[in-house]
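Participant: Now for the letters of each chain:
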Amino acid sequence: MAEAIATTEHVYVPLWRVRLSLFWKSLRTNWAMFSENPIGLIGLGVILFFALFALAHPILMNTIWEPRVYDPISGYDMEIPFHPSPPSARHLLGTDPLGRDILSQLMYSTRYEFALGILSAVVTVVIATTIGAVSAYYGGIIDTILMRLADLVIMVPFLPILIVLSALTEVGMIELALVIGLLSGFGGTTIIIKSQALTIKVKPFIEAARVAGGSDFHIIFRHMIPNLLPISLLYMMFVVTGAIFSEAVLSYFGLTTIQMSWGIMINTTQLFGYLLRFDTWYLLIPASLAITLLCAAFYLVGRALDEVVNPRLRKR
Amino acid sequence: MWRFLGRRFVQMLITLLLFQAVTYFLIDAQPGDIADLLTLDPNIPPAERERLRAQLGLDRPPVERFITYIGNFYRGNLGVSFQEYPRPVIDIIKERLPRTVVLFLTASILSFWTGFVTGKILAWRRGGWIEYTSTITGVTLYTVFTPWFALMMIWLFAVALNWLPAGKFLDPLKWLDAPISANAVFARMIWSSFFALVIVFVGFWFSNRVPRRQRLVLRAASLLVPLVGMLLYWRLSGLGFYAWDIARHLILPVATVTLIAYGGTMLLTRTSMLETLREDYVLTARAKGLPDKVVRDKHVARNALLPVWTGLVFSLGNSVSGGIITETIFSWPGIGLTLLNSALVADIPVAMGTLTVVGVMTLISHLIADIGYAFLDPRIRYH
Amino acid sequence: MAKPLLSVENLTMHYTTRGGEVAAVDSVSFSLYEGEALGLVGESGCGKTSVAMSILRLLPDNARILGGQIWLGDLELLSLPEPEMQKVRWGRISMIFQAAMNSLNPVYRVGDQIIEALELHWGSVSRQQARERVAELYQLVGLDPALMDRYPHEYSGGMRQRAVIAMALACNPDVIIADEPTTALDVIVQDRILKRLTEIQKKIGMAMIYISHDIAVIAEVSHRVGVMYAGKLVELANTVNIFERPLHPYTAGLMASIPSIHGEKRDLVTLGGEPPNLLHPPSGCRFHPRCARATGICIEQEPPFQDYGNGHYAACWHPMEVDYGSH
Chain V
0 MAEAIATTEH VYVPLWRVRL SLFWKSLRTN WAMFSENPIG LIGLGVILFF ALFALAHPIL
60 MNTIWEPRVY DPISGYDMEI PFHPSPPSAR HLLGTDPLGR DILSQLMYST RYEFALGILS
120 AVVTVVIATT IGAVSAYYGG IIDTILMRLA DLVIMVPFLP ILIVLSALTE VGMIELALVI
180 GLLSGFGGTT IIIKSQALTI KVKPFIEAAR VAGGSDFHII FRHMIPNLLP ISLLYMMFVV
240 TGAIFSEAVL SYFGLTTIQM SWGIMINTTQ LFGYLLRFDT WYLLIPASLA ITLLCAAFYL
300 VGRALDEVVN PRLRKR
Chain S
0 MWRFLGRRFV QMLITLLLFQ AVTYFLIDAQ PGDIADLLTL DPNIPPAERE RLRAQLGLDR
60 PPVERFITYI GNFYRGNLGV SFQEYPRPVI DIIKERLPRT VVLFLTASIL SFWTGFVTGK
120 ILAWRRGGWI EYTSTITGVT LYTVFTPWFA LMMIWLFAVA LNWLPAGKFL DPLKWLDAPI
180 SANAVFARMI WSSFFALVIV FVGFWFSNRV PRRQRLVLRA ASLLVPLVGM LLYWRLSGLG
240 FYAWDIARHL ILPVATVTLI AYGGTMLLTR TSMLETLRED YVLTARAKGL PDKVVRDKHV
300 ARNALLPVWT GLVFSLGNSV SGGIITETIF SWPGIGLTLL NSALVADIPV AMGTLTVVGV
360 MTLISHLIAD IGYAFLDPRI RYH
Chain Z
0 MAKPLLSVEN LTMHYTTRGG EVAAVDSVSF SLYEGEALGL VGESGCGKTS VAMSILRLLP
60 DNARILGGQI WLGDLELLSL PEPEMQKVRW GRISMIFQAA MNSLNPVYRV GDQIIEALEL
120 HWGSVSRQQA RERVAELYQL VGLDPALMDR YPHEYSGGMR QRAVIAMALA CNPDVIIADE
180 PTTALDVIVQ DRILKRLTEI QKKIGMAMIY ISHDIAVIAE VSHRVGVMYA GKLVELANTV
240 NIFERPLHPY TAGLMASIPS IHGEKRDLVT LGGEPPNLLH PPSGCRFHPR CARATGICIE
300 QEPPFQDYGN GHYAACWHPM EVDYGSH
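Residue numbers (numbering that gives the first Met the number 0), protein chains in the order written: chain V, 0 to 315; chain S, 0 to 382; chain Z, 0 to 326.
Hints in this document: simulated from the structure, not taken from any laboratory. Even glycine gets a Cβ: it sits at the ideal position worked out from N, Cα and C. Incorrect hints may have been included.
Computed cross-link-like contacts, SDA-like style, restricted to lysine to any residue with a CA-CA straight-line distance of at most 20 angstroms [stated by the list, open to error]:
#1 Lys292(S) / Arg56(Z)
#2 Lys297(S) / Tyr150(Z)
#3 Lys194(Z) / Glu219(Z)
Derived CB-CB ranges, DEER-like [stated by the list, open to error]:
#4 Lys167(S) / Ile72(V): 43 to 49 angstroms
#5 Val116(S) / Leu228(V): 51 to 57 angstroms
#6 Ala211(V) / Arg277(S): 46 to 52 angstroms
#7 Arg277(S) / Val10(V): 39 to 45 angstroms
#8 Leu181(V) / Glu63(S): 25 to 31 angstroms
#9 Trp30(V) / Arg212(S): 58 to 64 angstroms
Here chain V stands alone, though its shape is the one from the complex (with noise of 0.2 angstroms):
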């Protein structure tokens, strides 16, 4: 049977309609919040830009682009003399020194510096909540192993870490996605998910779904996770600008075995001696502007939300 409430009225509204609505509510509130802040603003616009500029590849390649020429991998466009050549009507932003087209490079690359953000982040979050409410939830000595535990991964940067694993083996973009995720989720993320999960466990509706007879399982998951969300949330975003930045330094470094991402673009430019020239400026600052742009994207999306979250910085 459909639990219902009854108003005022001693109408029955199912409970499903009212979730929703104090759902879409709260929503707005922080909608509202959130975007007094026009920090937060000018991050998800930038975000919005590389979607878009990421759905708009393969649209491209399949209309105006011939992939023989404009190919971000193996394109190659004989039109022109001598490669790498400045930005023209042919190539907005020119081509690199083996003839591709670095506008398509950068567009081609946008999607999967995406879907290696957001795979780390959903990694961490994933690890980094349950962790924390477990950990949180249960106190003792589950508690203690878990925290050194984190207290270790924090310690230890993982870019110095990640640069020997790809010594030791080949690194392409899902093990980096795991790695990142990993080491993120176990981190310092953690530390601060328990402690707001601390906070949520002595809160007096825990107390009553215990006496109510709720499983440890159920409290956690019901009760606990869903309040630690916007936090989880929030801490996605930095892990997102992390995730991207490590792989464009460890691709720029040549460390990695993808085939084309925006760090790869620089590395080839490095490998093929135009990197400190101004007048080839095109090879390196797209790239380079790309990366900056998409994690100070997600670092002021989060701050942003930071401020949502946590009421106590907001400026009356």
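Assemble chains S and Z onto chain V, guided by the hints.
Facilitator: Same frame as chain V, but now just chains S and Z:
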């Protein structure tokens, strides 16, 4: 308090052990024989390979191997480099570690201090274009793609303006007649700076306990005495020229790492100050009739410092990564560069050795940061 | 009547919030005489703390004092330049804040925080002298002087409250404003501290403004009582008269709602309704929506704050029956 420190120290050791275990088994878990990984390099003659195998205990079961590894580690034996065979890894590390430590330490201290001071001042004036500009600057510095930033620094200061060298530790051409090695000069630079700084700190610390009039004199003296002392020392020893060359090469890498770390600290300080402003004791301080600056510095900033200091701990990892990237791009021969290069050429012993050193460095920084926190927050001390 | 020590005249203060302008304090006037304890009572949000903050000029950035004057002897406080006001703060008027748990800076020793105030307002004082003064203050409030070198987190709630009182007394101010100093404590500690505070006040003879929503506490401590409602001062009289002969219906309602152990059993009397939203205060008398005696004039015009003789003031068009002979 000592109990607290003791506990943390022991925790560090355990963490270090865990870290080494992870590192070691990371390599062990790779497809292929660890023995091969560590010894099968064309540079090493077969006879040597056998000796190495025995010494590193590579023909024994995993746990024993690990114990041997740890034993060797604490005895200073980290294996032999493939690339620079037969140079021992520990040798390479000893040469390069001081450079990275100097880079890391200087950049960390500078960025923290400037970030905190500017963040503190900026938090005190909200709104207006100052807040927006500083936020944008801070965010830009924090999120800019590090390799690009480093390259831009090189391009601007070394190529376009030609004020500073584009990379490396020193200019080999200038050192053809050098009486002592670069490492020796560098070591002296470190010691002399260290003593100078100690004098400055002691001077400033005393200046706070001394009546107002003498304060300025004492502070000026504690800055001038070491400065003059250093200048005299370098001139009289005839090594000034060489020290300056190294110093010139230091400036850009230090500036780069400092600027990158600065953004994060500044933003965090501002946030922390804003949160602290809402505390009741700030109202009390104002009610006591204390002037604005005193309230800001002595009450708000002093408490806002706590989360910023904790943030420092979290960002140490980033600083280390930033250092690695910077060293590589500037071809500055420190541990970071060594780590990266060894990974590129699959010089496994060096890669492992440097990874461990980086881990140790990070752990020690964490320990120092924890100790610092205990000094800053009496609630932790008197548990 | 002797000249008042502190005189608040027609103080009006508004807050600007996201929802609009809040008329937090409206035309409040009262005087404080030397050696007396004036109690300021009212529901949460009625403006009593705002009045205190306005006196010390400790208002947040979104608050504006729209009018009025505050006289401390010959000084008009609202027009003082900030450096001068800083001298007045603590030196002549000090404050004990609500929930003193967090009023002390956690990273400095408690004694040092009191010494900070002494060094600021007493000019040249040696560290030794300052410490002696702190010890003296500690004994006065009932704390062990050895505690002055401890940190706030090492004190219990009651101890912190005493320390905060000691700090407020440190510079021998003319006036102390105590804002709900015992609200956050349990009843037994509350009682002890109240008794101690009253003793100190009698002994030193300083003037005190005691702010609380708890009428029973106000009754114990004050010589005179001012009743505030919705940002306005609706009644002011000495304690006995407020309790036994309230003029304003709101005051009468408050008194009636005090449960009594004596007398016959009756239902708990409460005041119906809620305090008004100060973003859009009611027209005329702000109490009219809840008043059983309200008529047309109450809705249209604000009643003046009138003297009914014997130092008893009220702002009401239809005050309760009271005979002072002269009215």
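Participant: Give me the numbers of the hints this structure contradicts, sorted from smallest to largest.
Facilitator: 4, 5 and 6
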